[in-house]
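S.K.: Residue numbers (full-length UniProt numbering), protein chains in the order written: chain V, 1 to 722; chain R, 1 to 327.
Derived by calculation from the structure, the hints in this document are not laboratory data.
Just so we're clear, the structure is a prediction, and the values are computed from it rather than from any experiment.
Glycine is no exception: its CB is placed at the ideal position from the N, C-alpha and C atoms.
A couple of the hints might just be wrong.
The calculated lysine-lysine pairs, modelled on DSBU-like cross-linking and capped at a C-alpha distance of 35 Å, are [unchecked claim]:
1. V/Lys422 - R/Lys85
2. V/Lys226 - V/Lys487
3. R/Lys300 - V/Lys718
4. V/Lys133 - R/Lys39
5. V/Lys24 - R/Lys39
6. V/Lys260 - R/Lys272
7. R/Lys290 - V/Lys422
8. R/Lys21 - V/Lys600
9. R/Lys281 - R/Lys155
10. V/Lys260 - V/Lys226
11. V/Lys133 - V/Lys380
12. R/Lys272 - R/Lys181
13. V/Lys422 - R/Lys95
14. R/Lys12 - V/Lys718
15. V/Lys200 - V/Lys173
16. V/Lys422 - R/Lys12
17. V/Lys718 - R/Lys290
Partner residues are not named here, just some residues of chain V that face chain R (Cβ under 8 Å, in silico) [stated by the list, open to error]:
18. His122
19. Asn163
20. Lys173
21. Thr177
22. Ala593
23. Gly595
24. Thr634
25. Glu711
26. Thr715
27. Ser721
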Amino acid sequence: MGTDKKSEPINRVDGRAKVTGKAKYFAEFEVPGVTYCVMVTSTIARGTITTINTKTAERAPGVLAVFTHLNMPAIPGWAEQGSNSKLPSGGERYRMLGSNKILFNGQPIALVIADTLERAQHAASLVTASYNKSEHHTDLLKNKEKAAMPPRMGDYTRGSDTNAHNTAPVVMKADYTIPIEVHNPMELAGILAFWEGDDKLTVYAKTQGVKSTQRTLAGAFKIDEKNIQVYSEFVGGGFGMGLRTWPQEVAVAAAARALKKPVKLVLTRDQMFTLVGHRPYTIQHISMGATQDGQLLGIYHEATGETASYDDFTEGTVGMTRFMYACPNVTTKYRIVPLDRGVPIWMRGPGEATGAFALESAIDEMAYKVNMDPLQFRLKNFAETDPEKNKPFSSNNLKEAYELGSEKIGWAKRNPAPASMKEGDWLVGYGMSTGVFGAHRGESTCRAQLNADGTLLLQSATSDIGPGTSTAMVQIAHEVTGLSIGKIHFELGNAAFPPSGSQGGSSTVSSVGSAVFDVCTALKGMLTEAGLTFDNGTVKSAQGKSDSLQDVLSKQNKTFFEVTRSSKGGAELEKYSLYSFSIHFAEVRVHPATGVVRVKRVVTVADSGRIVSPKTAASQMIGGVTGGIGMALTEEGIIDHRFGRFVNNNLADYHVPVSADVPHIETIFIDKPDPITNPMGSKGMGEIALIGFSAAVANAVYHATGKRIRELPITPDKILSA
Amino acid sequence: MNQFSYMRVTSKESAIAALAKDKAAMFLAGGTNLVDLMKSGVTSPERLVDINNVPLATIEETKTGLRIGALAKNTAVAENALVIKHFPLLSQALKAGASPQLRNMATVGGNMMQRTRCHYFYDSALPCNKRSPGSGCGAIGGFTRMHAIFGASDKCIAVHPSDMCVALTALDAVITVTGPKGERKIPFGDFHRLPGDTPEQDNNLQRGELIIAVDIPFNQLAAHTHYLKVRDRASYAFALVSVGAAMQIRGGNIADVRLAMGGVAHKPWRLKEAEAWLKEKSATEENFRKAASMAMANAKSQGGNAFKLTLAPNTIVEALKTAAAQA
Ligand SMILES: Cc1cc2nc3c(=O)[nH]c(=O)nc-3n(C[C@H](O)[C@H](O)[C@H](O)COP(=O)(O)OP(=O)(O)OC[C@H]3O[C@@H](n4cnc5c(N)ncnc54)[C@H](O)[C@@H]3O)c2cc1C
Numbered sequence: 001m002g003t004d005k006k007s008e009p010i011n012r013v014d015g016r017a018k019v020t021g022k023a024k025y026f027a028e029f030e031v032p033g034v035t036y037c038v039m040v041t042s043t044i045a046r047g048t049i050t051t052i053n054t055k056t057a058e059r060a061p062g063v064l065a066v067f068t069h070l071n072m073p074a075i076p077g078w079a080e081q082g083s084n085s086k087l088p089s090g091g092e093r094y095r096m097l098g099s100n101k102i103l104f105n106g107q108p109i110a111l112v113i114a115d116t117l118e119r120a121q122h123a124a125s126l127v128t129a130s131y132n133k134s135e136h137h138t139d140l141l142k143n144k145e146k147a148a149m150p151p152r153m154g155d156y157t158r159g160s161d162t163n164a165h166n167t168a169p170v171v172m173k174a175d176y177t178i179p180i181e182v183h184n185p186m187e188l189a190g191i192l193a194f195w196e197g198d199d200k201l202t203v204y205a206k207t208q209g210v211k212s213t214q215r216t217l218a219g220a221f222k223i224d225e226k227n228i229q230v231y232s233e234f235v236g237g238g239f240g241m242g243l244r245t246w247p248q249e250v251a252v253a254a255a256a257r258a259l260k261k262p263v264k265l266v267l268t269r270d271q272m273f274t275l276v277g278h279r280p281y282t283i284q285h286i287s288m289g290a291t292q293d294g295q296l297l298g299i300y301h302e303a304t305g306e307t308a309s310y311d312d313f314t315e316g317t318v319g320m321t322r323f324m325y326a327c328p329n330v331t332t333k334y335r336i337v338p339l340d341r342g343v344p345i346w347m348r349g350p351g352e353a354t355g356a357f358a359l360e361s362a363i364d365e366m367a368y369k370v371n372m373d374p375l376q377f378r379l380k381n382f383a384e385t386d387p388e389k390n391k392p393f394s395s396n397n398l399k400e401a402y403e404l405g406s407e408k409i410g411w412a413k414r415n416p417a418p419a420s421m422k423e424g425d426w427l428v429g430y431g432m433s434t435g436v437f438g439a440h441r442g443e444s445t446c447r448a449q450l451n452a453d454g455t456l457l458l459q460s461a462t463s464d465i466g467p468g469t470s471t472a473m474v475q476i477a478h479e480v481t482g483l484s485i486g487k488i489h490f491e492l493g494n495a496a497f498p499p500s501g502s503q504g505g506s507s508t509v510s511s512v513g514s515a516v517f518d519v520c521t522a523l524k525g526m527l528t529e530a531g532l533t534f535d536n537g538t539v540k541s542a543q544g545k546s547d548s549l550q551d552v553l554s555k556q557n558k559t560f561f562e563v564t565r566s567s568k569g570g571a572e573l574e575k576y577s578l579y580s581f582s583i584h585f586a587e588v589r590v591h592p593a594t595g596v597v598r599v600k601r602v603v604t605v606a607d608s609g610r611i612v613s614p615k616t617a618a619s620q621m622i623g624g625v626t627g628g629i630g631m632a633l634t635e636e637g638i639i640d641h642r643f644g645r646f647v648n649n650n651l652a653d654y655h656v657p658v659s660a661d662v663p664h665i666e667t668i669f670i671d672k673p674d675p676i677t678n679p680m681g682s683k684g685m686g687e688i689a690l691i692g693f694s695a696a697v698a699n700a701v702y703h704a705t706g707k708r709i710r711e712l713p714i715t716p717d718k719i720l721s722a
Numbered sequence: 001m002n003q004f005s006y007m008r009v010t011s012k013e014s015a016i017a018a019l020a021k022d023k024a025a026m027f028l029a030g031g032t033n034l035v036d037l038m039k040s041g042v043t044s045p046e047r048l049v050d051i052n053n054v055p056l057a058t059i060e061e062t063k064t065g066l067r068i069g070a071l072a073k074n075t076a077v078a079e080n081a082l083v084i085k086h087f088p089l090l091s092q093a094l095k096a097g098a099s100p101q102l103r104n105m106a107t108v109g110g111n112m113m114q115r116t117r118c119h120y121f122y123d124s125a126l127p128c129n130k131r132s133p134g135s136g137c138g139a140i141g142g143f144t145r146m147h148a149i150f151g152a153s154d155k156c157i158a159v160h161p162s163d164m165c166v167a168l169t170a171l172d173a174v175i176t177v178t179g180p181k182g183e184r185k186i187p188f189g190d191f192h193r194l195p196g197d198t199p200e201q202d203n204n205l206q207r208g209e210l211i212i213a214v215d216i217p218f219n220q221l222a223a224h225t226h227y228l229k230v231r232d233r234a235s236y237a238f239a240l241v242s243v244g245a246a247m248q249i250r251g252g253n254i255a256d257v258r259l260a261m262g263g264v265a266h267k268p269w270r271l272k273e274a275e276a277w278l279k280e281k282s283a284t285e286e287n288f289r290k291a292a293s294m295a296m297a298n299a300k301s302q303g304g305n306a307f308k309l310t311l312a313p314n315t316i317v318e319a320l321k322t323a324a325a326q327a
């Protein structure tokens with residue numbers, strides 16, 4: 001650990017359970033007497049409900065209850081929070097079924113609960129409502145005047161010549177747009193909730209954080225966290241949408257308490273577009289100044305993203321611009337526009353993926369303006385230390401990454417002139433970009449239990465939304481103790497386990513992994529004291545001792561050794577700037593007559609410290625790049641602003657990339673330990689896999705065609721009309 | 001979804017009788033479209049008459065061509081050796097549609113009868129004259145990227161989504177239907193309708209009639225065939241524009257040609273004028289381009305689909321070029 005020693009590639013420890021159907025997801029748990037909840041949602045974007053008729057639904061077969069704002073059981077924690085939010089908009093808080101107010105289209109207006117799903121669905125179709133409509137505003141472009149500085153993010157300026165981006169010898173200005181993107185994990189969101197009495201709640205949830213779900217529910221119902229069981233062992237993809245416990249999930253728990261029955265809610269696919277967040281529609285302006293020979297003199301980057309009228313969603317869209325390049329004068333601004341829409345939420349590469357599209361496209365544009373190779377331009381403006389925080393990077397192997405990636409894709413062999421390369425009728429283009437994300441580490445706790453049979457059980461209240469958390473943790477434990485992989489078992493997804501943070505921000509391996517590292521180290525110490533040692537994959541008696549593990553345990557009247565450790569970074573983290581980096585190279589084909597773009601080859605290099613689990617790490621990169629292909633070429637949530645409603649809220653019309661869109665993705669890891677971040681020397685990688693990728697594609701499209709597409713996704717119509 | 005009853009029939013006669021008896025009954029074939037429409041509340045049959053056991057799934061050679069049963073699965077047709085040999089355009093078009101899973105369920109009759117994918121049609125919170133006559137067309141002035149450039153009306157600008165039907169219309173197929181009044185034949189080009197003032201009517205099948213087969217007459221077009229579908233992702237997406245092109249080329253000249261487009265109109269769009277002009281001309285890109293611009297004569301944009309005015313002719317040229325280049 002923390003050394004140059006490479007980790008061995010092991011298979012997912014839960015792979016077999018997943019492919020054989022043994023792994024259980026929240027909706028699959030069978031609870032006796034479970035009932036089914038179906039939501040009726042609003043068909044207007046703003047206004048009030050004037051009448052809601054639930055009579056026919058209530059009389060339909062199997063129906064147990066229909067809850068609307070007229071009879072919804074109170075949620076004490078919600079009532080306590082003030083009624084107005086301190087937002088730029090001063091908007092009203094959203095209290096699901098708390099009043100007759102409609103704040104967005106698709107807002108739940110009734111919960112229909114029945115003894116079977118089909119009966120609940122049928123009854124839900126019988127609920128009718130009439131509205132008093134108000135004017136709604138869902139189009140960011142038409143509401144730019146409402147743009148306001150978010151409460152938690154100020155403007156940033158460095159340098160004495162704040163106008164350098166306008167006055168430099170070479171100036172480049174451009175606007176970039178990204179559409180609404182929707183996480184759309186395969187598994188639908190929801191919850192299964194049941195109570196014992198009035199104050200003991202159990203939920204099976206789709207969540208990226210069992211502890212945060214526990215906290216949210218405890219706050220909502222004003223009961224002790226200890227009285228709330230949260231289970232979420234397997235999650236069928238999250239990408240950020242599971243970082244909140246959503247109002248409808250809390251409401252279902254309230255309904256379960258009122259009915260004294262288990263209630264299960266699984267969202268429909270169209271509800272996934274409105275009720276569990278999305279990547280916000282964002283417009284960006286970049287203005288960049290450089291010398292004739294390509295030295296950056298000034299960057300101005302302004303981003304304006306959407307939020308809901310009832311929440312001040314904020315993300316780090318312009319963060320990368322502040323430190324990525326050695327530029328003396330940098331100004332960034334970030335604004336949010338409150339709209340009559342469901343609130344956005346972090347989506348893989350939150351903020352940075354949006355910002356990197358603009359910044360890394362602009363860098364490419366500037367490189368062409370000063371007649372430089374985009375790679376050379378990046379190297380010329382390379383930041384050796386973090387110019388924002390004025391600190392050294394804990395590790396930064398970008399230069400090596402640029403070299404490895406460009407070598408692999410054959411960057412130097414391309415003809416850099418735009419629209420110069422062809423294969424048959426297709427135009428060929430190469431593009432590159434950089435991605436970056438904070439190498440976060442949070443506090444995490446892990447319990448270790450060494451059993452008499454020599455197996456090791458590790459437990460932590462973390463989550464696994466797909467990256468293979470257990471596999472990485474088992475591998476860390478294996479490397480610390482030497483115990484063989486098959487003897488180590490890692491359990492997560494249970495809020496009763498020792499606390500850890502949510503799975504988000506690429507921090508799990510760093511945070512939970514450190515706790516695993518520490519607890520295993522502590523366990524080694526315990527064994528030494530007990531005259532035992534880890535040796536050759538098992539536990540043996542130490543040199544000169546004869547008692548076996550079983551002997552020692554029975555003499556101490558124990559069935560297992562147990563130790564719990566909490567772990568967090570120390571003061572050394574403050575001295576450094578901690579980031580993970582990625583480089584993306586994409587080779588595309590563009591058909592000039594049909595405007596079709598195909599990604600033909602991808603090389604992605606990650607500088608994410610030491611790679612703890614090579615196989616799942618490669619899968620992370622492949623998954624992230626696939627998300628990046630979607631962002632670049634296919635994904636867009638479309639709203640008809642006349643109605644404030646989505647017009648493609650299904651997987652046939654919202655285009656997630658399919659296998660045919662995804663070429664072979666070559667993943668390269670620098671795999672060098674970071675000396676600062678954590679004892680494993682790892683840095684996060686979930687986000688950097690996606691961040692920047694869309695710019696690599698857009699830059700490749702430019703190289704292929706000479707056309708700059710500054711609005712994602714790059715669909716055939718945009719190529720034809722550019 | 002409404003409550004409905006379900007029955008299975010095993011003969012054409014019992015199928016027709018079941019629909020004659022019950023005004024709110026509908027045939028169920030693969031169910032890949034009908035069940036979705038039921039789930040979204042667009043269609044609410046009270047009785048489903050499952051016709052999958054009616055023996056209408058054979059694909060056989062007749063004296064004049066191929067006869068394909070209405071219940072033949074899309075996959076079975078696409079993979080059929082006779083189809084691939086005589087009408088590769090049909091096989092290519094089918095394979096460009098939906099996904100393998102859907103094609104394994106979808107039938108030829110169901111594919112012809114599939115309804116538009118216009119979102120305003122699917123979402124009952126939005127106006128749509130096709131779903132609810134008189135409620136207005138939600139698409140006009142809204143999201144029109146996928147919509148018609150030919151033959152639209154002020155009541156409806158939806159397109160027919162099928163790929164298979166583009167090939168069948170190009171190949172001069174003839175549909176046989178049967179009903180309470182007996183059997184009749186409908187040339188493929190006369191089956192689907194333009195929206196006019198009655199967009200609720202997709203086609204000319206009478207209520208209670210059952211599609212039993214499609215006949216495709218032999219031709220000399222197999223050697224130079226190409227189905228080109230332009231879409232937003234590489235697979236599993238409806239056409240922005242698709243073109244079915246088939247030619248017989250003799251000594252560099254076009255002896256016979258068929259051209260049809262998908263994704264541009266309320267029905268599969270045959271390009272007869274362009275075909276007539278191309279006949280006996282040499283198979284050059286220049287001629288293809290002229291034919292394509294001829295085909296676009298009456299095209300009209302709805303705003304969001306303006307790009308189709310460029311994409312459609314380009315796709316015609318590309319399809320013809322590729323077809324011509326085949327050895
Ligand atoms: C996600 C998705 C993507 C798709 N993508 C494409 C695509 O890219 N290209 C494409 O072409 N298609 C596509 N499809 C549509 C698909 O081809 C149709 O759903 C399918 O062909 C319908 O056939 P079916 O047998 O399932 O019809 P059903 O759903 O069973 O029936 C459809 C209609 O036809 C009627 N019907 C069925 N058989 C007969 C008969 N013999 N006589 C009279 N009436 C009959 C039924 O009553 C019903 O009204 C897609 C579908 C989905 C769900």
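S.K.: Mind checking the alpha carbons of V/Lys226 and V/Lys487 for me, to see if they're no more than 35 Å apart?
M.R.: 31 Å, holds
S.K.: Would you check the hint for V/Lys200 and V/Lys173, treating anything up to 35 Å between C-alpha atoms as holding?
M.R.: 58 Å, violated
S.K.: CA of V/Lys133 to CA of R/Lys39, is that 35 Å or under?
M.R.: Answer holds: V/Lys133 to R/Lys39 is near 27 Å, not above 35 Å.
S.K.: With the threshold set at 35 Å, check whether the alpha-carbon distance from R/Lys272 to R/Lys181 stays at or below it.
M.R.: 32 Å, holds
S.K.: Hey, V/Lys422 versus R/Lys95, does the alpha-carbon distance stay inside 35 Å?
M.R.: Distance of about 28 Å is within 35 Å: holds.
S.K.: For the pair we were handed, R/Lys12 and V/Lys718, check the Cα-Cα distance against 35 Å.
M.R.: With a Cα-Cα distance of about 49 Å, the restraint between R/Lys12 and V/Lys718 is violated, given a limit of 35 Å.
S.K.: Taking only the CA atoms, is the gap from R/Lys21 to V/Lys600 under or equal to 35 Å?
M.R.: 57 Å, violated
S.K.: Is the straight-line distance between the alpha-carbon of V/Lys260 and that of R/Lys272 35 Å or less?
M.R.: With a Cα-Cα distance of about 68 Å, the restraint between V/Lys260 and R/Lys272 is violated, given a limit of 35 Å.
S.K.: Hint validation: V/Thr177 versus chain R, beta carbon distance must be below 8 Å. Holds or violated?
M.R.: 16 Å, violated
S.K.: Less than 8 Å between beta-carbons is the criterion; does V/Gly595 satisfy it with respect to chain R?
M.R.: 7 Å, holds
S.K.: Would you check the hint for V/Lys260 and V/Lys226, treating anything up to 35 Å between C-alpha atoms as holding?
M.R.: Judged against 35 Å, a Cα distance of about 20 Å means the pair holds.
S.K.: Straight-line Cα separation of V/Lys133 and V/Lys380 no greater than 35 Å?
M.R.: Violated, at roughly 57 Å.
The structure shown violates the earlier hints numbered 6, 8, 9, 11, 14, 15, 16, 19, 20, 21 and 25.
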